[in-house]
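Protein sequences, first through last, are from chains H and R.
According to our numbering, the residues represented by the first sequence are 1 to 745, in order.
According to our numbering, the residues represented by the second sequence are 1 to 147, in order.
Simulated from the structure, these hints should not be mistaken for laboratory data.
Just so you know, even glycine gets a beta-carbon here, dropped at the ideal spot from N, CA and C.
It cannot be assumed that every hint is accurate.
[Said to hold, decoys possible] Derived DSS-like pairs: lysine-lysine, alpha-carbon spacing no greater than 27 Å straight-line:
#1 R:K123 - H:K603
#2 R:K74 - H:K636
#3 H:K636 - R:K123
[Stated by the list, open to error] Quick look at which bits of chain R chain H covers, simulated, 3 or more residues with Cβ under 8 Å:
#4 10-22
#5 35-43
#6 65-75
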Amino acid sequence: MPSPPAALLAVGAPRRTAVKRNGSAPYTGVPRVRVAVEEAVTDDDLLVARVRLLEGFVGRSEIADIAQLALQWLGETVGIRQSICLIRPDGESSLFVVGAYGLGSAVSSYTVSLEDWSNPLVSAFNQRKALFFPGPHSAADRKRRPSTPLEDAAFHAVPLGVSGVSDDAFGLLLLGGAQPMGPDLHWFTSIFSQKLDQMLHQNVLAEGDRKQGRERTLLYNIINAVSDPILLTDTEGRLLIANARALTLFTASEEESEGRRGAVRMNNMLLSSALSSKAIEETGATRRELLLVNPVDGSDLVFELLSTVTEDPRQGSGVVSILRNVTDLRRASEEIEENYRKMRIAEVQARAESDRLNLIIDSVADPIVVTDAGGGTSLMNDPAERLFTIPTDASAIEQRWVQANDAHFSSFIAGMLVSADQRRVGEIGLSDPRTGEAMPVEAIAGKVLSEHGELTAVVTILHDRREALEKARLYTQLQVAADELERRIQAATADIAQQNELLRRQAIELEQASALKSQFLANMSHEFRTPLNAMLGYTSMLLQGVAGPVEQPVKRQLGRIESNGRHLLTIINEILDISRIEAGRMPLQMATFKVPDLVGEVKAELEPIIMQRKLSVTIDLPRDIKPIASDRQKVKQILLNLLSNSLKFTHHGGVTISARRNAKERTLELLVTDTGIGIASADQDRIFEDFRQLDNSPTRAYGGTGLGLSICRRLAQMLDGRISVQSQVGKGSTFILTLPTKGRK
Amino acid sequence: MNTKTDRPRVLLVDDYPDAREMYTEYLEFSGFEVVEAGNGMEALQRAIDTSPDIILMDLSLPVMDGWEATRRLKADDRTASIPVVALTGHALAGISEGAKKAGCDAFVTKPCLPEDLVREIRKILDAPPSSTSGKKGRRSGKYAKTS
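Put together the whole structure using the sequences plus the hints.
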């Protein structure tokens with residue numbers, strides 16, 4: 001590259017300023033201003049004018065200014081009164097006016113299309129050949145001429161370009177005038193072309209510089225805007241470019257805390273080791289996980305490291321790394337994993353629950369069927385399956401039974417599905433699929449609704465009614481039997497009641513009859529006694545000699561009358577007593593009395609008989625015998641009877657009256673013991689019966705009515721006591737009267 | 001109207017003539033003066049008329065029975081103090097009770113031998129004067145004894 005001539009040093013100064021202003025790194029390929037210095041300068045004025053033009057160029061940066069200055073200089077110095085400067089901007093296919101001299105303002109809208117090959121100006125431009133267009137002399141001339149703002153004036157079309165730099169022209173100069181091109185004009189064209197070329201290149205470069213700066217800024221902004229750290233490192237892992245996010249992770253100033261700086265050191269180390277691994281070279285772009293420390297709070301950060309090796313021939317290889325923060329992602333992933341695990345557990349539990357439910361459902365003896373809203377069976381337990389599914393080994397008839405069952409059930413469910421009822425209870429006539437036996441079941445169906453109230457399923461429980469029906473049948477039979485039994489019992493009861501009533505009436509009648517009998521006997525005895533009274537009375541008076549002395553034989557006969565009369569009276573009295581007892585008209589006169597006194601009275605009353613029988617009567621009572629509460633008269637009557645009996649049936653020996661207390665039973669026993677003829681044990685019960693003497697023959701040896709012991713027994717019962725006998729034939733008898741010491745209960 | 005004698009006067013009331021005659025004969029034999037009546041009404045009249053020392057009253061009587069007669073006797077000041085001995089062949093329960101209620105002082109069941117009756121009469125007449133029988137002090141305490 002040639003050194004710039006001394007004259008241009010000053011010219012070059014503004015360019016340096018421009019370079020400074022851009023502030024960018026030095027670059028190569030900047031075109032240098034080349035000035036061809038003409039050696040043949042003879043005219044000082046001309047030289048001064050040329051310097052003046054060159055000075056004019058200095059400090060002007062706009063092409064339009066330069067073009068205007070140049071055209072003006074041309075008009076004033078060279079005498080070109082009309083001129084136009086056209087430039088082809090980069091990328092355009094037309095020539096535009098950048099400057100004009102000696103022409104109206106309308107010239108600025110003039111353009112030349114480079115695609116119009118017929119235009120001679122285009123060929124002059126393309127071929128870089130100056131052309132001269134003389135003023136037209138005819139219409140044909142005018143037609144050959146290009147249309148320009150110069151109109152019919154003669155003009156030169158001079159292409160603008162710099163030889164050796166580029167073969168193409170970049171502009172066209174239209175110079176009015178018919179004069180030939182002189183050396184001034186050549187110099188001008190050359191210097192002007194070079195200046196324009198320089199200006200054009202400067203413009204292009206400045207534009208490129210600005211654009212590059214903007215793009216770089218934008219790029220940085222973009223990189224910084226990325227929340228993921230982005231790094232460019234050299235092959236040794238040294239940091240070349242980092243975005244803001246990366247800077248917080250991998251750089252720290254001296255002022256920052258030790259912890260933060262430590263975290264940054266650690267991060268750099270981790271990154272270097274990650275990048276230096278061979279994987280990068282092998283695959284070019286890799287993804288791997290990189291664990292870093294957040295310098296701000298020390299927490300763990302997980303990044304996905306994406307590294308790409310870039311090849312730059314000028315600056316060597318580097319590694320572009322993008323770190324994607326996957327901490328949250330990992331956390332989310334862990335959460336997802338955890339949720340999935342929970343879901344699995346829940347699923348297992350749900351399955352266990354479902355299994356358990358199935359077990360429960362299967363364990364229910366009643367068939368259970370769950371039907372979905374479409375009427376399809378979604379679940380049934382084992383008992384239901386036996387009813388509604390055809391077993392593999394089923395015979396044709398069994399299949400028909402199952403099909404019939406299914407049809408019956410489907411009809412029931414269909415009714416349930418279309419009805420508005422929430423619950424339905426019905427009876428379905430099914431058949432036992434094994435036996436074909438009629439199997440009426442009670443179906444209880446309930447709808448299962450979703451929380452939106454939509455029908456999701458129908459659960460039906462079937463209950464075999466056979467047992468219940470059988471029970472009901474048996475119950476009915478039982479009821480019938482019970483009714484029959486009750487009817488019979490009622491009949492029997494009525495019968496018994498009737499019998500009872502009959503008996504009661506009979507009893508009343510008997511009672512009445514008995515009372516009548518007793519009354520009759522009482523009356524009769526009265527009637528008997530009144531004449532007997534007179535007979536005994538007169539007999540007694542005769543014996544006493546009331547009416548005068550009586551002879552001894554007569555007295556003996558009167559004595560017979562008296563004794564028979566007394567016997568008759570005794571009989572009448574005893575009959576009367578029986579009657580009174582039976583009629584319940586024998587009142588008790590309870591009192592407390594001393595037993596020894598009573599026994600003495602009894603003995604005294606029978607003293608005449610005792611004397612007559614020549615028997616000994618011994619009273620043998622304990623000294624401490626206490627008074628007893630009873631009916632004195634009745635007790636006396638009993639003892640009189642017992643003692644007179646003993647006297648009657650005793651021929652030798654004697655009679656003993658004794659007593660003993662039974663403290664436990666609170667009773668007193670009065671014993672009449674004789675040495676008489678005795679009573680056989682077989683006869684011992686009979687002696688207490690009415691009108692009973694053991695010898696019932698008319699010629700019996702002993703007198704008496706046979707009512708005595710019977711009366712005694714009755715009287716003892718009235719007193720809550722009893723009479724018993726202990727006897728041995730030939731040895732004697734003991735009659736025992738047992739009485740409560742405290743009277744009747 | 002009988003003249004009053006030293007002998008105790010007995011009013012014997014009985015509707016059965018044989019019995020009345022028998023007892024009268026024996027009582028007179030035993031040293032009593034006897035006034036007879038055949039029914040209750042008659043007995044009242046005789047009691048007022050003769051003021052007997054004791055009255056033997058059969059309870060079953062025509063016209064007016066013995067209970068009623070006894071009640072009237074005991075209700076009349078003139079006869080209230082005279083002891084009444086009830087005589088009856090009815091030995092059924094309640095008879096003696098009814099007799100005591102009517103005002104009888106003693107009770108004798110028929111058949112009763114004449115001597116037993118006399119013994120009963122003497123027992124009553126010899127007894128210390130009770131509130132009813134001893135009021136007028138009319139009892140002589142002196143009567144004949146049977147052999």
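Hints, one by one, checked against the model:
1. Proposed proximity of R:K123 and H:K603 is supported: the alpha carbons are some 23 Å apart, at most 27 Å.
2. Straight-line distance between C-alpha atoms of R:K74 and H:K636 comes to about 34 Å, which puts the hinted pair past the 27 Å bound.
3. About 23 Å separates the Cα atoms of H:K636 and R:K123, which keeps this hinted pair within 27 Å; it holds.
4. Residues of the stretch 10-22 of chain R with a Cβ under 8 Å from some Cβ of chain H number 4, which satisfies the need for three, so the listed coverage holds.
5. Coverage of a stretch by a chain is defined here by at least three residues with a beta carbon nearer than 8 Å to that chain's beta carbons; for the stretch 35-43 of chain R and chain H the count is 0, and the condition is violated.
6. For the stretch 65-75 of chain R, the stated coverage by chain H is not satisfied: 0 residues place a CB nearer than 8 Å to a CB of that chain, which falls below the threshold of 3.
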